[in-house]
Amino acid sequence: MSPELDIKPTSTTSASKPYPQFNEIRPAPIFEYLPSLDGLDSNLLVILHGLGDTEKPFVKLAQKLNLPQTAILTLRGPERVPLLEEDAFQWWESFDLLTGAPALVPNPTRTLNWMMEIIQSLLSPSNGWSQESIHFFGFGQGGSCASESVFLWGRNNPELACLGSLVTASGPLLSLPTVSPEARSPTPTLFWTRDGQDRGGKDGKAFTRGFKSVEKHVSRSTGREEMPKGSDEWQEILQFWSKFLKHRQPWEVQGTLSLESNYEVIQK
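Residue numbers (the working numbering): 315 to 582.
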């Protein structure tokens, strides 16, 4: 007797994601959210600004990048930089309040726990993201925060360890990971820096001790810590993203199915 065949449409996912909700998190995250300009939210790029900045300039950056099928979440650092009248935020205490000098041993623990709650919330049914769809980009202190957050997420959640990707621009790890090779974060990582900023290669080595897959790019330009600028400096980052950002076909998306939809055949 020939086997019975059951024909049904292949599974699909929704074209767009809801506006992020973080109702249970304290302090409540302050952020800007941009859905993908092409209407397909296949990826979420979480952007963390540098020390003394806000989330707002990175909204303009996201609009210029115009990454396909990519929604943008730009987070504001949870702490205000003290003694400044203008809007200036930090990811953790960065200065000695008595002397005003940079903090010698920053303590990111509270912020990293806060970031764990944010990632967990993004994965909840109400927000609807999968871990492989969540990508991080951070600059300076924001890059350090993104890197430490992705590393800690993998340590705390081995079954969901691999996020989409991590790009840190001039943002080294604060810690020196001492985990076994098997326990390193599987999230693909790009460490972008400028010539002379890598402390003799120590920062790059720290990433290879904490992450399984690390690419490093050193821009030939020198100078103070600043965002990548111009097509030459962004090229490596865009090429890295092109390997990991998802691109869904119309038949994979709910609400766009037609008579030409794909089906799978199940043999019983």
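None of these hints come from the bench; they were simulated from the model. On a predicted model such as this, the values are computed, not experimentally measured, just so you know. Please note: incorrect hints may appear among the correct ones.
In silico BS3-like links for lysine-lysine, alpha-carbon gap of 25 Å or less [unchecked claim]:
(1) Lys560 x Lys378
(2) Lys530 x Lys543
(3) Lys543 x Lys370
(4) Lys526 x Lys516
(5) Lys526 x Lys557
(6) Lys374 x Lys331
(7) Lys374 x Lys557
(8) Lys519 x Lys560
(9) Lys378 x Lys543
(10) Lys530 x Lys557
(11) Lys378 x Lys331
(12) Lys516 x Lys530
(13) Lys516 x Lys374
(14) Lys560 x Lys516
(15) Lys378 x Lys516
(16) Lys378 x Lys530
(17) Lys331 x Lys519
(18) Lys374 x Lys526
(19) Lys331 x Lys516
(20) Lys543 x Lys557
(21) Lys331 x Lys370
(22) Lys530 x Lys560
(23) Lys530 x Lys519
Using C-beta positions, here's what the derived DEER-type ranges look like [to be verified]:
(24) Glu539 x Pro341: 42 to 52 Å
(25) Glu446 x Ala415: 24 to 34 Å
(26) Pro341 x Ala417: 19 to 29 Å
(27) Asn421 x Gln549: 29 to 39 Å
(28) Glu539 x Lys374: 13 to 23 Å
(29) Arg394 x Lys374: 14 to 24 Å
(30) Leu398 x Lys374: 32 to 42 Å
(31) Gln335 x Lys560: 19 to 29 Å
(32) Leu397 x Pro439: 23 to 33 Å
(33) Glu393 x Glu540: 29 to 39 Å
(34) Lys370 x Pro472: 28 to 38 Å
Where is the CB? At the ideal position from N, CA and C, for every residue including glycine.
A quick look at each hint next to the structure:
Distance hint between Lys560 and Lys378 is fulfilled; the C-alpha atoms sit about 19 Å from each other, no more than 25 Å. As the CA atoms of Lys530 and Lys543 are separated by approximately 17 Å, the hinted pair is consistent with the 25 Å bound. Between Lys543 and Lys370 the CA atoms are separated by roughly 18 Å; this keeps the pair inside 25 Å, and the hint holds. This hinted pair checks out: Lys526 and Lys516 have alpha carbons roughly 17 Å apart, not beyond 25 Å.
Restraint check for Lys526 and Lys557: the C-alpha separation of about 16 Å stays at or below 25 Å, so the hint holds. With a C-alpha separation of about 21 Å, the suggested pairing of Lys374 with Lys331 holds against the 25 Å cut-off. Restraint check for Lys374 and Lys557: satisfied, since their Cα atoms lie roughly 24 Å apart, inside the 25 Å limit. Restraint check for Lys519 and Lys560: not satisfied, since their Cα atoms lie roughly 29 Å apart, outside the 25 Å limit.
In summary, the hint linking Lys378 to Lys543 is supported, as the alpha carbons are separated by about 12 Å, within the 25 Å threshold. As the CA atoms of Lys530 and Lys557 are separated by approximately 15 Å, the hinted pair is consistent with the 25 Å bound. A distance of roughly 21 Å separates the Cα atoms of Lys378 and Lys331; the hinted pair therefore holds under the 25 Å criterion. Our distance criterion of 25 Å between C-alpha atoms is met by Lys516 and Lys530, whose separation comes to about 12 Å.
Distance restraint check for Lys516 and Lys374: the Cα-Cα separation of roughly 33 Å exceeds the 25 Å cut-off, and the hinted pair is therefore not satisfied. For the proposed pair Lys560 and Lys516, the alpha carbon gap of about 32 Å is over 25 Å, so the pair is violated. Of the supplied pair hints, the one linking Lys378 and Lys516 is violated, its CA atoms being roughly 33 Å apart against a limit of 25 Å. The suggested pairing of Lys378 with Lys530 holds, with an alpha-carbon distance near 24 Å, which does not exceed 25 Å.
Only pairs whose Cα atoms come within 25 Å are accepted, and Lys331 paired with Lys519 is rejected, the gap being roughly 37 Å. Among the hinted pairs, Lys374 with Lys526 is inconsistent with the structure: their alpha-carbon atoms are about 32 Å apart, more than 25 Å. A threshold of 25 Å between alpha carbons decides the hint, and for Lys331 with Lys516 the separation of about 40 Å lies outside it, so the pair is violated. For the hint pairing Lys543 with Lys557, the CA-to-CA distance comes to about 21 Å; that is within 25 Å, so the pair holds.
Simply put, Lys331 and Lys370 have alpha-carbon atoms about 21 Å apart, close enough for the 25 Å limit, and the pair holds. Simply put, Lys530 and Lys560 have alpha-carbon atoms about 22 Å apart, close enough for the 25 Å limit, and the pair holds. Taking the CA atoms of Lys530 and Lys519, the gap is near 10 Å; set against the 25 Å cutoff, the hint holds. Judged by the Cβ atoms, the range 42 to 52 Å given for Glu539 and Pro341 is violated: they are separated by roughly 27 Å.
Glu446 and Ala415 have their C-beta atoms about 42 Å apart, which leaves the hinted 24 to 34 Å range violated. Judged by the Cβ atoms, the range 19 to 29 Å given for Pro341 and Ala417 holds: they are separated by roughly 20 Å. Between Asn421 and Gln549 the Cβ separation comes to about 36 Å, which falls inside the hinted range of 29 to 39 Å. At roughly 20 Å, the beta carbons of Glu539 and Lys374 sit within the given window of 13 to 23 Å.
The hinted range of 14 to 24 Å is satisfied by Arg394 and Lys374, whose Cβ atoms lie roughly 22 Å apart. Checked against the given bound of 32 to 42 Å, the beta carbons of Leu398 and Lys374, roughly 22 Å apart, lie outside it. With their beta carbons about 23 Å apart, Gln335 and Lys560 fall inside the hinted range of 19 to 29 Å. The hinted window of 23 to 33 Å between Leu397 and Pro439 is violated, with their beta carbons roughly 42 Å apart.
For Glu393 and Glu540, the Cβ-Cβ distance of about 22 Å falls outside the hinted range of 29 to 39 Å, so the restraint is violated. Checked against the given bound of 28 to 38 Å, the beta carbons of Lys370 and Pro472, roughly 36 Å apart, stay inside it.
Against the hints set out earlier in the document, violations occur for numbers 8, 13, 14, 15, 17, 18, 19, 24, 25, 30, 32 and 33.
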